[in-house]
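For the protein sequence lines, the chains are A, B and C, in the order given. Residues in the first sequence are numbered from 0 upward in steps of one, following numbering that gives the first Met the number 0. Residues in the second sequence are numbered from 0 upward in steps of one, following numbering that gives the first Met the number 0. Residues in the third sequence are numbered from 0 upward in steps of one, following numbering that gives the first Met the number 0.
Since the hints were derived computationally from the structure, they do not count as laboratory data. All C-beta atoms, glycine included, are put in the ideal place defined by N, C-alpha and C. There's no promise every hint is true.
[To be verified] Think about it this way: if two alpha-carbon atoms lie no more than 25 Å apart in a straight line, the pair counts; the simulated BS3-like pairs of lysine-lysine are:
hint : chain 1 : residue 1 : chain 2 : residue 2
1    : C       : LYS133    : C       : LYS438
2    : B       : LYS196    : A       : LYS178
3    : A       : LYS56     : A       : LYS46
4    : C       : LYS435    : C       : LYS130
5    : B       : LYS225    : C       : LYS75
6    : C       : LYS130    : A       : LYS56
7    : A       : LYS46     : C       : LYS75
8    : C       : LYS364    : A       : LYS46
9    : C       : LYS99     : C       : LYS208
10   : C       : LYS364    : A       : LYS56
11   : C       : LYS99     : A       : LYS46
12   : B       : LYS225    : C       : LYS130
13   : C       : LYS435    : C       : LYS133
14   : C       : LYS130    : C       : LYS438
[Claimed, not checked] What follows is a list of derived Cβ distance ranges for each label pair:
hint : chain 1 : residue 1 : chain 2 : residue 2 : range
15   : B       : ASN16     : A       : VAL274    : 16 to 22 Å
16   : A       : GLY47     : B       : LEU29     : 39 to 45 Å
17   : B       : LEU29     : A       : SER130    : 17 to 23 Å
18   : A       : LEU69     : B       : THR66     : 42 to 48 Å
19   : A       : GLY47     : C       : GLU36     : 53 to 59 Å
20   : B       : ILE172    : A       : VAL270    : 22 to 28 Å
21   : A       : ASN4      : B       : THR135    : 29 to 35 Å
[Claimed, not checked] Partner residues are not named here, just some residues of chain B that face chain A (Cβ under 8 Å, in silico):
hint : residue
22   : PRO69
23   : ILE262
24   : ILE266
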Amino acid sequence: MGRRNAQAYAFLSPFLVFVTVLYIVPAIVTVAMAFTNLDSSFVWEFKGFDNFIRMFKDPNTLVIARNTVLFVGVTIVCVVLLDLFLAVVVTYFIQNQRVGEFFKAVLMIPMITPAVVYSVLWIWVLDASGSGLLNRIAAGLFGAAPHNWIALYPFPVVIIATVLTSMAYGTIVFSSAIKSIPENQFKAARVDGASEMSIVFSIILPNIRYHISFIALWEALGLLTDYVTILLITNGGPGIRSEVWALSAYHKAFVDQQYGFGAAISVVLIVVVMVLMLLIARASRRQNEGGALQ
Amino acid sequence: MKKSAAGTLHDRRRERNAILIMILVSIPILFIYLAFFRNAFLDSATGELTLGNFRFLTGEIRLSQYTVPPMGPAFRNSVVFTVVVTLCEVIISCMAGYALARLDFRGKKVIPFSLLALRLFPGMLLLIGVLYVLMTLKLVNSLQGVILAAIALRLPGSTFIIRNFFSAVPADIENSALVDGCNRLTAFFQVVIHMVKPGIASISLFSFMSAWSNYLLFNTLIFNSKTPVLATYIRVLSRNDQMIADYGVFAAMALIYMLPVLIFFFISQKQLMQGNIGGGKGI
Amino acid sequence: MKKHLCLILSVFLAIGLLAGCGGGGTDQSGSAAPGGEEHVVLKISHNMDFVTIPDAVVAAADRLMARYAAEGRNVKIEFEKDYQRIDWTEYHNNLVFADKSGDAPDIFSLDSDNIFGFVKAGMLMDLSELKSDKFVDGIFEHYTVDGKIYGMPFDMPVRVMYYNKAGLAAIGWTEEQIAALPGQIERGEFTFEQFMDLAAEVQAKGGAKWGLAHRPGRGPDFLDILQVLGGSYYNDEGTLVFDEAGLTRFFQFTYDNANTTKITPPDLNQMGWDTINKMVATGEAFAYYGPLYSSTYVANAGGMTPAELVESVSFALFPKSEQNDKPFASVAPQGMGISSRTKYPEICMDLFKELADGSSEELAKHASTILTLSSVKSANENPILTENPVLKEVTYMTDYGVTAPSIEGLNTYTSELHKQIVQLELGQITPEAAVKDMKTQLELNLDADSILFQ
């Protein structure tokens, strides 16, 4: 047993070193920092729950929390519905494998675009001057005057931009899940004379229930913690109209140089993420116990 | 998913409609991208076709207020960073994933659980902590430091995925190799690795794309202009508070920036379509 | 498949390395020198476009080396330059982090409102011995904290009002009237209220599309208007002050301009610098307020040289108003500091002294390039400046210059101020609510002893 242990840890040691030094330790440091008022002078002074009390008293906190819930909620619904729709169309209705793959590849393009380029792409499309793409289209179709889309509708812009990057992943997951539904279920339904719609709703959807909930929770996690897209397109603005929780942690820490306060905001978010994580764990355990087909 | 001959006409019509729907969905995406990258070949002042926007490949460009340095150092740094991070991540996570899937040892139960916990822990929120640690190790403000941080932040995720792949490999194959006289290490390299090739392809792909696009880590952990990467290099032209100085030059840079990603993407499409990959973006 | 990947990866790596070879190499650190020569390498760091500031230091090194040689000291000074182009807050952070990891540059540019951050982190060397009457009076106030001086001012930028002469001609003003306007403002014969009415009139009669424009991001420009309207943001001790009455007037003014009199476009803050500069250059915006050095950007956006710009755009002091009876121009120097950790404090200090002394020509060159006056008296008398077509018009403003001291917490104040301005102009908040909101935010974000509420 001893020898096996040594072998195992030999395989594991690089992983353990990396993760401990550059993942676990920073996590501990961040949590510790949340209880201080660390700022640009880098003096550690323990302040207890001051940061959290301050978060509680700030009226902006409510706005940011509401923005975050709205952002995550709306995006998840859009992503899941869109992905389901696309997956069904691409996998079920389109029989030709290669054609399906081609469309899936197109859907992936926003996802593989580096964030720095993707955000500029949106800024270019929504350019406020008369030569911006959307303004030109609107002028051509409706004769509308040029609008400053990003300033007027920052929230929808950010949601749409995020939905487009997230849609490929879910579509692919659902797509392969649909492919693995046993053929006889479809045959039986067809024999019974079921319409396509009812096949979709009574066979496809129930079979991929687990995948749907996985994607929903997975995306929720990503949406709560990924702020780079919003940072680069609207930077939370104008004002705090598109500011979400994770982004405000970044702003407080790196723009206002209040590292302690920023850490406290991160800690609150981490707690929420962990709760979600427990939900995933519980859901997957129940799924494994209940069996795949229901 | 094959269909029987009966009902084919119906299906074909459905399929045609479905293809039409997908074309409608794809057109806006392709149109926007093509329209944007078309700028790379147009002179922003005159609107004529030109290759002048690509001058940054060989020398400086003088835009209206400032001079943009050539792209060489940023490109080189990006390449080195991406290749090193991807290689290390694949190797280390394979080793760890294998150990977790196959080997029996004390603490075996604990690690996968904490792995899951870590994987869902948002790396992006730990930036200041990472900064502190790197400062203590005197590795901050250097490419090595960012490489180490990038590897560490993606390891739990990759390990989790590859471990699932290892678990799916039947033990018999390996056992027969061991019986034939290989030790654990040879068995690992000569037998097992080949069975998880799709897994390795997936994580290396996502690691590559994530490392190539990485902006936040470099923005935070590098303090001067000595270690540019493509993300920070291109960002200089597109800071939020000004109008983008020159869409032509920017589109040209963006095209060069995206080219490797597109190449890798097309080569490895099959792997990406697997569906049980669970890579995603992350830091 | 794996073989393909490996092949591609290695080709990629090769291309990348080759590409890197073509690009610019950075400078090397000092190496061991032969003989009794002292080889000094100074790291000098700067942000954004006015590279004439650090370049002045580099140029001064030549004269300094000559002076040392005359004294018998054999010193060779080289510079490792780090000129960045990033957000000022990120630049500030970078410097702080660099300092904490022991890698701070020896000489670096200071961001205008935030010297306190550096002082609190103990990053700056005391430069009090620099102060002499070679410098313009009062110019060091901006860099003084607790009686000690921490930065050297390299210039004396003034913030003024811009207006377009063609707009006045369009409403029927004669050439004499147009030329007389700056003088009238200076003597207090033309007030701020009259100026705003004038802007509205020019816009109404088609002389311009918009009456008044301003910068699109946070900055000290708005504090000038606050002061014109009789508000204040600091007291005699240099402590930040929240003047509720003054801010209410200012917010009302801001709101009205965008929503009632409509002389300011409501989405001005979402336009980029380039758009706004072009508006000022072409006269699409009749009036503007901001630093004089913006005129280089304005001219550039309009496709003109600065000399051509002053044919159509003129500058004036901030006029007197009902609440403030003295016309003024704000002074906000740009400067550099010396790291407290530098290994060559004496040489860095000598470089700065040299700039005020024999190398003041470098400062004059800098000032005339970016269009400001200089912080050093002899530079102000240099023909490079006195014959500059733009600067000729504004040399009288030095007599009306108001320099604010360095104020702790000003950064947060201007940040919150701009957040309210954005919302006020978009019509999304009332002035009273804006005042309340700003007060709450300042109470939360600043230490109790750095701000006084009135």
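Here's how the hints hold up against the structure:
Between LYS133 of chain C and LYS438 of chain C, the direct Cα distance comes to roughly 42 Å. Violation of the 25 Å bound is thereby established for this hinted pair. Taken as a hint, the LYS196 of chain B and LYS178 of chain A pair is honoured in the structure, with Cα atoms around 22 Å apart against an allowance of 25 Å. Of the supplied pair hints, the one linking LYS56 of chain A and LYS46 of chain A holds, its CA atoms being roughly 16 Å apart against a limit of 25 Å. Proximity of LYS435 of chain C to LYS130 of chain C is assessed by CA-CA distance (about 42 Å); at most 25 Å being required, the pair is judged violated.
Annotation: proposed proximity of LYS225 of chain B to LYS75 of chain C holds, straight-line Cα distance about 24 Å (limit 25 Å). Between LYS130 of chain C and LYS56 of chain A the alpha-carbon distance is near 45 Å, which puts this suggested pair outside the 25 Å criterion. Distance check on the hinted pair: LYS46 of chain A and LYS75 of chain C sit about 50 Å apart at the alpha-carbon level, beyond 25 Å; violated. A C-alpha spacing of about 50 Å is found between LYS364 of chain C and LYS46 of chain A, which places the hinted pair above 25 Å, so the restraint is violated.
Between LYS99 of chain C and LYS208 of chain C, the direct Cα distance comes to roughly 50 Å. Violation of the 25 Å bound is thereby established for this hinted pair. This hinted pair does not check out: LYS364 of chain C and LYS56 of chain A have alpha carbons roughly 52 Å apart, beyond 25 Å. Restraint check for LYS99 of chain C and LYS46 of chain A: the C-alpha separation of about 22 Å stays at or below 25 Å, so the hint holds. Pair hint LYS225 of chain B plus LYS130 of chain C does not hold up; C-alpha atoms about 34 Å apart against a cutoff of 25 Å.
Proximity of LYS435 of chain C to LYS133 of chain C is assessed by CA-CA distance (about 46 Å); at most 25 Å being required, the pair is judged violated. Taken as a hint, the LYS130 of chain C and LYS438 of chain C pair is broken in the structure, with Cα atoms around 37 Å apart against an allowance of 25 Å. About 43 Å separates the C-beta atoms of ASN16 of chain B and VAL274 of chain A, a value inconsistent with the hinted range of 16 to 22 Å. A hinted range of 39 to 45 Å for the beta carbons of GLY47 of chain A and LEU29 of chain B is inconsistent with their spacing of about 56 Å.
Hint check: LEU29 of chain B to SER130 of chain A, Cβ distance near 21 Å, so the stated range 17 to 23 Å holds. In this structure, LEU69 of chain A and THR66 of chain B meet the distance hint of 42 to 48 Å, their C-beta atoms being roughly 43 Å apart. The hinted window of 53 to 59 Å between GLY47 of chain A and GLU36 of chain C holds, with their beta carbons roughly 57 Å apart. The supplied range of 22 to 28 Å is broken by ILE172 of chain B and VAL270 of chain A, whose beta-carbon atoms lie about 44 Å from each other.
The supplied range of 29 to 35 Å is met by ASN4 of chain A and THR135 of chain B, whose beta-carbon atoms lie about 31 Å from each other. Using the Cβ-Cβ criterion of 8 Å, the hint placing PRO69 of chain B at the interface with chain A is not satisfied: the shortest such distance is roughly 18 Å. Hint status for ILE262 of chain B relative to chain A: violated, with the closest Cβ pair at about 11 Å, above 8 Å. Interface restraint check: ILE266 of chain B against chain A, minimum CB-CB distance 12 Å, threshold 8 Å, status violated.
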